[in-house]
Structures are given as C-alpha cells and as structure tokens.
Amino acid sequence: MSRHRNVRNINLDDEMDDDYDDYDDYEDEEDPDRQYRYDRNSLSANYYTYLTDSGRNSPTPPAPPPPSTVSASNYHPPVSTPTATAPPSTPVSTSIVRNMTAPLLQQNQKTSKNVNSRPSTPQMATPKKVQQVKNLQAEAAAPSMSRPSSEVDLTDFRRNQLQNIAKAPVVPRKAPKPPVDEKDLINLIVVGHVDAGKSTLMGHLLHDLEVIDTRTMDKFKHEAARSGKASFAYAWVLDETEEERERGVTMDIGRTSFETTNRRIVLLDAPGHKDFISNMITGTSQADAAILVVNATTGEFETGFENGGQTKEHALLLRSLGVTQLVVAVNKLDTVDWSFDRYEEIRNTLSVFLTRQAGFSKPKFVPVSGFTGENLVKRIDLSWYDGPSLLELIDSFVASQPPSDGPLRIGISDVLKVSSNQLVVSGKVESGEIEKDDKVYIMPSVTAATVKECANSNNSKLCFAGDYILLTLQGTFEPESIQTGSVIVRSGPDTLLPARKFEVRLVVFEITTPIIKGTKTELYAHSLCVPCSFVKLLYTINKSNGEVLKQRPRFLAKGTSAVVEIETDHDIAIEAFTTCRALGRVTFRSAGNTIGAGIVEKVILPE
Amino acid sequence: MKQFKRLIERDGNGFVVLMAEEAEDMWHIYNLIRVGDVIKASTIRKVVSETSTGTTSSQRVHTMLTISVETIDFDPGAQELHLKGRNIEENDIVKLGAYHTIDIEPNRKFTLQKTEWDSIDIERLNLSLDPAQAADVAAVVLHEGLANVCLITPAMTLTRAKIDMTIPRKRKGFTNQHEKGLEKFYEAVSAAFMRHVNLQVVKCVIVASRGFVKDAFYQHLQAYADANGKKLTTEQKSKFLLTHSSSGFKHALKEVLETPQVAARLADTKAQGEVKALNHFLELLSTEPDRAFYGYSHVNHANQELAIETLLVADSLFRAQNIETRRKYVKLVESVREQNGKVHIFSSMHVSGEQLAQLTGCAAILRFPMPDLDDEPMSDEEK
Chain F
1 MSRHRNVRNI
11 NLDDEMDDDY
21 DDYDDYEDEE
31 DPDRQYRYDR
41 NSLSANYYTY
51 LTDSGRNSPT
61 PPAPPPPSTV
71 SASNYHPPVS
81 TPTATAPPST
91 PVSTSIVRNM
101 TAPLLQQNQK
111 TSKNVNSRPS
121 TPQMATPKKV
131 QQVKNLQAEA
141 AAPSMSRPSS
151 EVDLTDFRRN
161 QLQNIAKAPV
171 VPRKAPKPPV
181 DEKDLINLIV
191 VGHVDAGKST
201 LMGHLLHDLE
211 VIDTRTMDKF
221 KHEAARSGKA
231 SFAYAWVLDE
241 TEEERERGVT
251 MDIGRTSFET
261 TNRRIVLLDA
271 PGHKDFISNM
281 ITGTSQADAA
291 ILVVNATTGE
301 FETGFENGGQ
311 TKEHALLLRS
321 LGVTQLVVAV
331 NKLDTVDWSF
341 DRYEEIRNTL
351 SVFLTRQAGF
361 SKPKFVPVSG
371 FTGENLVKRI
381 DLSWYDGPSL
391 LELIDSFVAS
401 QPPSDGPLRI
411 GISDVLKVSS
421 NQLVVSGKVE
431 SGEIEKDDKV
441 YIMPSVTAAT
451 VKECANSNNS
461 KLCFAGDYIL
471 LTLQGTFEPE
481 SIQTGSVIVR
491 SGPDTLLPAR
501 KFEVRLVVFE
511 ITTPIIKGTK
521 TELYAHSLCV
531 PCSFVKLLYT
541 INKSNGEVLK
551 QRPRFLAKGT
561 SAVVEIETDH
571 DIAIEAFTTC
581 RALGRVTFRS
591 AGNTIGAGIV
601 EKVILPE
Chain Z
1 MKQFKRLIER
11 DGNGFVVLMA
21 EEAEDMWHIY
31 NLIRVGDVIK
41 ASTIRKVVSE
51 TSTGTTSSQR
61 VHTMLTISVE
71 TIDFDPGAQE
81 LHLKGRNIEE
91 NDIVKLGAYH
101 TIDIEPNRKF
111 TLQKTEWDSI
121 DIERLNLSLD
131 PAQAADVAAV
141 VLHEGLANVC
151 LITPAMTLTR
161 AKIDMTIPRK
171 RKGFTNQHEK
181 GLEKFYEAVS
191 AAFMRHVNLQ
201 VVKCVIVASR
211 GFVKDAFYQH
221 LQAYADANGK
231 KLTTEQKSKF
241 LLTHSSSGFK
251 HALKEVLETP
261 QVAARLADTK
271 AQGEVKALNH
281 FLELLSTEPD
291 RAFYGYSHVN
301 HANQELAIET
311 LLVADSLFRA
321 QNIETRRKYV
331 KLVESVREQN
341 GKVHIFSSMH
351 VSGEQLAQLT
361 GCAAILRFPM
371 PDLDDEPMSD
381 EEK
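As they're listed, the protein sequences go chains F and Z.
full-length UniProt numbering numbers the first residue of the first sequence as 1 and each following residue consecutively.
full-length UniProt numbering numbers the first residue of the second sequence as 1 and each following residue consecutively.
With the rest of the complex left out, here is chain F (with noise of 0.2 Å):
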C-alpha cells in the first residue's frame, strides 16, 4: 500500500495537469503481478484509515480541525455536516492539501483519540483489547490465525463507519420537482431469440429517424458488404465493436436515444445469444418498456419459441425485472410474402404466452421487416393491417415510473475510467436527484466522493430518477473496488447499508434439477451479478393467496413460490423491495438458465 501511495505522489503534477491520461501511466507504473494478486478481501486497515482521513478532511480545509466540529457526537465524514456543503475552491488544490497532510493527520489522530473515540485503528485501545483476546484464541490454534483478527478489526471498523454514514443527518433537498414540460423519457429495450433481427432493426430504425446520417450508413454498408455481410449493414449501427462486427452477433449492451414526437427514447439493444444474457438483464433492469422482436421466417420462430429459445426467457426476464409495457414485433414478414396466417399464428402462440404464462396485460403486435424497412415509421399499405406503426407504438409507450421522491440510488451499470482520485462511470437514477457538487457515498466499499460532473442524455446538469447518466467523481478510489452493481448513495438515515444476507421471496422457473439448500447460484438485480448460495429454504407459500403451505422444505421444485435465505460471498448493496423496487428485484440463474426471480423481503443485516 505504501508503494501504491508513493506511485500516486509522483504522479500528482501529472494528474493535476490531465486527470483522464494519468490511468495508462498509472498502470505501467504497477508491478504486473499486482493484477492477479489483487484480493479485494484484503485491503489493509491501513488503506480504510487512509481512505477515511482524506475522506474526511478532504472537501474542508484539513489540518487541525476546527473545535466545534471535533466533539464525539457528529464526528462523522463533513459529507453529511451542513457546513460542508460549500464546494471545495478548486480540485487542484484540495488534491494537494490532502496528500501532504494526510501524514500529518494520523499522528494528530493518534495524540487526540481519546476525543475522537472512534474505534478504528489498530492502535485504540477497544480494538486493542478484542486483539488480544483474539490472539490469546489464536495462541491455541496455529500460527497463520493471526491474519484473520487483524481482519475482524477491519470489519469492526466499517461497521462503525457504516454506522456513522447512516447516523448522519439528511441533507435537504435542493430541487425536489424535476422540470415538467420536456418529453418523457422511456427507456426502451429491445431483445428477442438470437438473430430475430434486434439491431437490424433497431439500427434501419434509428437510419429512417436520422439519427444515422446516410453517409455513415453507406460507409456501413460498404464496409459490411466488403467483408461479405451485406445484410449485417445496419446492426452494425449498434454492434460497435470489432468483434461483434466480425462474428454478427450482438454481445453487449447497444445503447443510443432519439426523439419521437412525444417521447424521448434512450435505446438499449440487448444480445439475443444464450451465452450474454448476463448483459441482457443489465440493459431490462435499467427498462421502462420493451420491444420483444421474433423471427417470422418459417422454422425460425419455432427454435426461438420452443426449448431452448431466447424468446420464453426473455419474456419472463422481462416481467420479472418489472417491465409491462411490451410491444411485439414480428420481423422478416417479408421472408414469407407478408402472409396474413403466419402473422396470425405468431400472434396466436405468443399471446396466450404472454397474457398466460408471463403475465403481460395487453401485449401490442406490430408487422415489420426490420432488412427492407417496411411499417417502421411510415404505415405499411397492407390488405390486413391498418394499425400503427412501430414508431407510433413507441411514441405511445407510457413512462412507467413517476418520479420518485426516494433516498438517491444510482446503480452503477459501467466503470469507464478510475484512477486513484477521479473515477467516471454511468448508471441510472433509481430514485432521488443528483447534481453537480453533491457529497455521495459508493457502497459497498463504502467510499466517499464528490460529483464534479454529471449529465443524463439532455445533458441538463440536474439529474433525476429515471435518468441513465454519466458522472464524473472525486475522491480517493482503490483500483477494482468500484465495480459494476455498485451503487451511489447518499448519508443518512436512509442510506443503503450493505449486506450479505438477504430474505428473498421467489418463483422457480422451469428448472430440472430443484433448488436444495447449498444451492449456489448467479444472483443478478440491477447491474449486479455475483456467485450467491441458498443458506436457508424458508417455508414454501401458495402463489394465488399467499398462505405458507411448509415450513422448512427440502427442495424447491418448479413453479414454486418460497421464501429462502441466501448469502454472497461479499457484502452487495441491494436493499429491500419496498425500499426501492429496482434495487429490491432479483433474478437467479445456474448454467446458463434462468432458475427463479423474485423480490428481497429483508436485508439481514451482521449483529
């Protein structure tokens, strides 16, 4: 850690002068080992005392802390302090103030703990003692014990700060009402069986609208028909990457927005492939409405319908992450001559699938050819159709989600760049607003920050619930601590208190082997995926009434409602359904299928 701190002193001119540069200099100047030997279990005391101090004295002047602020009760971050809601004069200096007196505030610390009575680090006298304690167990057992006390005070610790963060008082709210007369923004994901012809269209959509101009169309097109994938043109308007383009597949989440007359949409092309469907609960956790596209080519809409197809998954996904507004778009009508019967049998089948089986209320259809571009914005002149168009039924989409007058929640969804005093990612505003010099905490690392930046697609500076965003952040940042599935918060008493062990109420899918105590899982909510166990099978309940039909049963079966008790390896910031419904939604998955969702009824927090 030592080593870390110096590399980040040499470098300080640097990143003062360029912040987004210093990242590839920084990580030449690490060992290549580091990278592999990183454990994130394992940040030493020594880094959270850091952490805290500069989280502490940063945003204020540093040094001796003035006397009204140092008395035991409110000795928590200024984050939550009323006073230090002024901004800091200018990054450049505070960033320098810090380092030289970071030094300088432990020994202060150390002389003036008694004050302070805060229980961190391993030279207080409480901690202390519980060491000794420790050691003396230890003593009977083996000599490689010792490692484990040292982190029972790490744990001791973050439970304090943890404490003090949710202790804090709120900071009241600047701007509680979001401005009324722009368009509603929908969030509108498309997905579907794999090569149903989800960026195809969506990409000769947003060409028709545009938004594509025609010379990078043609340069697409060009391009595409060069290395004998004429017909990929306008996924490519989505499918970015190299690879993506190499193979014809889309792999992650495409995300662009666009305006129709009444919305503004924010476009998330999700991957259709088996194997990213990962990647495609990401892109519906972060959904209003959704676009479920199926192939209509004879043959091809079976294989995404049967078994073993995208297009039941999806639509159970869908539902279950809390999307009800779904259009169906039935692609490549013009493979089968536009014929009215297969139309109808498509239409058919996935009604009483959709009304049925995933519970959707009223799912629209549409007839399309996302390739030839008939029926996407302009009506299609058919004998058997006169309903609107695809456009028309996006522009009809209802923002699902009035804004909420929650705590803040930001479920980090893509870390671009971190370096160790600047981090930029982006996320969606569960709840809450955030704006520009907002103090935030990024659990469950439980870092502090400031917003230097952040701006949704309006680029309005002032961002609400509903709003995929993108912020930049100041503060001290551990590599690798912040990942995807984090999420920003800020103090008080309806912070977000990370834990491992949560009370969940779900429904199995289709399973064929059932869910047993032990069971270890894939636990998706938000943009959070991380390896989880069933510790406890609660009791079973009746899903029409809500009865408890038995306590303790061995397994879950298919089709059954329970409620169970599941831990992670690690504590994850997801937090009770009626809390904040978006961070309550959870989704289970084992090889590569989808086992159950269901909602968290109870966080268990630690004693």
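Any given hint could be a false lead.
Unchecked claim - Keeping only pairs whose Cα atoms sit at most 16 Å apart, straight-line, the calculated EDC-like set for lysine to aspartate or glutamate is:
#	chain 1	residue 1	chain 2	residue 2
1	Z	Lys2	Z	Asp130
2	F	Lys550	Z	Asp374
3	Z	Lys180	F	Glu243
4	F	Lys550	Z	Asp375
5	Z	Lys250	F	Asp569
6	Z	Lys180	F	Glu242
7	Z	Lys162	F	Glu480
8	Z	Lys331	Z	Asp118
9	Z	Lys2	Z	Glu105
10	F	Lys558	Z	Glu283
11	F	Lys219	F	Glu240
12	Z	Lys184	F	Glu480
13	F	Lys558	Z	Glu288
Claimed, not checked - Calculated from the model, a selection of chain Z residues having no Cβ within reach of chain F, i.e. all distances over 12 Å:
#	residue
14	Ser57
15	Ala98
16	Pro106
17	Lys114
18	Gln236
19	Val262
Since the hints were derived computationally from the structure, they do not count as laboratory data.
Just so you know, even glycine gets a beta-carbon here, dropped at the ideal spot from N, CA and C.
Got chain F sorted already, so can you dock chain Z onto it with the hints?
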C-alpha cells in the same frame, strides 16, 4: 505418498511411517491426523546454551520431536500442515509437556500413531498410497472481467489465481476502451496461467467460458507464450480443451466437469465421480423426492430400514474435532457398506463437495421410496 512401515494391530492401535510427495498427499495427511494422535518427526530447533562465564551461543540442532496433537492447521496453498501439541517424549533439548509445533511438508518423513485406526482411516491411507492415481488437470473458467485459474487433483480443486477486473462496456463512439480493457484482462490471465500451470505435468487443460471468450483467450495465451519464449509445442496444444461454461465463477467448474466432452477426457477422476453422484441425487430430488434424502437424522433413519443405495458424505465430517461425531458417521458408512450400498466420500476441496457440505454434508439415494420420512422433523443442527 511413500510408506516406510505400517504396524496396525487388530484393535486398531498402531502406527505408520509416511512421507508425502506432493500436494495431494498433504491433503490426505490432513484428513488422517486428528486431535489426540501422536506425531513423531524430525525438526530443527535453535538451542541457546550458556557457558559458565555467562556468554551464550546458539546452535541449530536437528532433533526428533514426539507430540500429542492438539491443533491442526492446513494451508492448501503452501502445502503445509502445522501441528501443535505437547511434547510427550523428553530428550536433551525439549522438556516433557512443552508445547511445540511440527510442520509437515512434502518429502519429510514422519510417524503417525493412533490409538484407533478405523475403516475410513485405513481406506484413506490405502488410497493415498495408490500410485495409479490420475495426474492433475488445469482449468481456466472465465467470463469478461473474471477468471479463475484452477488445478484439479483427484482430491482437491485449488484456485491458483483469481483475476477480477472491470472492463468498460461498449459505449457509443468509445469502443476502443472496451477492447483495451479486454486486452489487458487476457494479458493478466495469460500471465497467471503461465506462472501457475506447468504444461509438462498437467494431463489436460480445460478452458471454459461463455461466448467467444475462451477462443479469444486461447489465442491470446498462444501469443503470450510465444512472446515470452515459451512457445506452446504441438503436444502441449493438444492438451487444451475448449468448452462451454455459463460464467467465470468457480462454481461453474461443476458444470464444466459434467459436459460429456470433458468427461471423456478425464476418464474417471474422483472429482468427476462426485459430480455424477451428486447430480443423480439432485435429479432424484426433482423426479422421485421420496428416494432422495439429506441430513443425518433422515439418512440414518433410512439406513436402519436398509434402504440406502448410495451414500454421499463430505469428508469434513470425518475431520470433526468431536470424536463422537466422527464415530457416528464412520458407523453409518460401515453399515451402508455392509448392506452392499455404495459410499462416496466427497472431498470438501472440490466444488461438488462444497455444495454437499452446505447440504448438511450427508445425503442418500434410497433403494425404494420412503414417503413417511418426509414428515419427520430434521434435527436442529440440520436446519
């Protein structure tokens, strides 16, 4: 493992002289030694002697220590076993009753004495002496941003390296960040792989991922090896086996070991047999729940009815500090064997064993359905 001498009486009292040769053997030894056993091994101790004039001189002396084990600590990564206990044989240097720690490592001879060698012990001892055991298999499971480099030996799955990196997602107009991130990730995994896997020794290398990550990684690995002057030979390349897994988490290894492609290649390692047995159990649980039970009280009850066809037990139960607990399970195993039932003792160092351990560590497949058993309460500890 090498055995130099074995003298075990009818009543189970006796000793063996052993020497571990590899990591695998250390695991067996760890499972053999229990609190109360007597270990005799040579160690080095620093002896400080004082002359009549008061000057001191210290020497390092080889000496034989005999201790009665009180605590056992196993470090699978370092292949070391630390045994602590009271000295029970006095010699020139060490007093009777003094606490000492003996470290057992590969290639160090030691004597293990027990007052009671039970059938499980003897079985494990014989197993560890069997030289015909299959060699190691290396496995890399990965997805974008996460990789586990593991070594699978018959009794253990050792995670040699875990690489966890954030890779920026693709974003409109900034795709090169994503590609750069991936590149760095593959580089790190390749470096870890070359460092931890000896391609001369391993029998087979499994690379498993979803999508195209495995292919990209394999290509990168070849390029990396080439650039570092360790170009993969054709023979080494033939050891690689690219297969599908749903994620890069360690528990995905279980599904990798299940795929027929891998199964054929690994023939019949213990890990594979365990996965098969556990899967059978899970299948029955969904199709014929009255024939699959877990938890000691249920299983023991089924055993009394002579109903057990296959018994699955986690070896962690036999390492129990409580002698009664161990005896309870030994008795169960012996009685199932008497009835011609099959017994699988799962290694808790494997992914399947980890799962079984979560499932109370004890499960059984029955010969005939016992629906009444379901109504019986499980004992408290099993809840």
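Outcome of the hint check:
Of the pairs offered as hints, the one joining Lys2 of chain Z and Asp130 of chain Z holds, with about 9 Å between alpha carbons and a cut-off of 16 Å not exceeded. A C-alpha spacing of about 12 Å is found between Lys550 of chain F and Asp374 of chain Z, which places the hinted pair at or below 16 Å, so the restraint holds. A threshold of 16 Å between alpha carbons decides the hint, and for Lys180 of chain Z with Glu243 of chain F the separation of about 13 Å falls inside it, so the pair holds. With a C-alpha separation of about 11 Å, the suggested pair Lys550 of chain F and Asp375 of chain Z falls inside the 16 Å cut-off, and the hint holds.
Pair hint Lys250 of chain Z plus Asp569 of chain F holds up; C-alpha atoms about 12 Å apart against a cutoff of 16 Å. A hinted pair counts as satisfied when its Cα atoms are at most 16 Å apart, and Lys180 of chain Z with Glu242 of chain F qualifies at roughly 12 Å. For the hint pairing Lys162 of chain Z with Glu480 of chain F, the CA-to-CA distance comes to about 13 Å; that is within 16 Å, so the pair holds. Simply put, Lys331 of chain Z and Asp118 of chain Z have alpha-carbon atoms about 10 Å apart, close enough for the 16 Å limit, and the pair holds.
Taking the CA atoms of Lys2 of chain Z and Glu105 of chain Z, the gap is near 13 Å; set against the 16 Å cutoff, the hint holds. Restraint check for Lys558 of chain F and Glu283 of chain Z: the C-alpha separation of about 12 Å stays at or below 16 Å, so the hint holds. Annotation: proposed proximity of Lys219 of chain F to Glu240 of chain F holds, straight-line Cα distance about 13 Å (limit 16 Å). Between Lys184 of chain Z and Glu480 of chain F the alpha-carbon distance is near 14 Å, which keeps this suggested pair within the 16 Å criterion.
Of the pairs offered as hints, the one joining Lys558 of chain F and Glu288 of chain Z holds, with about 14 Å between alpha carbons and a cut-off of 16 Å not exceeded. The Cβ of Ser57 of chain Z sits about 27 Å from the closest Cβ of chain F, beyond the 12 Å cut-off, so the non-interface label holds. Non-interface call for Ala98 of chain Z relative to chain F: holds, since the shortest CB-CB distance, roughly 14 Å, exceeds 12 Å. Listed as outside the interface, Pro106 of chain Z is consistent with that label: its C-beta sits roughly 18 Å from the nearest C-beta of chain F, beyond the 12 Å cut-off.
The beta carbon of Lys114 of chain Z sits about 21 Å from the closest Cβ of chain F, which is more than 12 Å, so the claim that it is off the interface holds. The Cβ of Gln236 of chain Z lies farther than 12 Å from every Cβ of chain F, with a closest approach of about 22 Å, so its non-interface assignment holds. Separation of Val262 of chain Z from chain F is adequate, the least Cβ-Cβ distance of about 14 Å exceeding the 12 Å criterion.
Hint compliance for this structure: no hint is broken.
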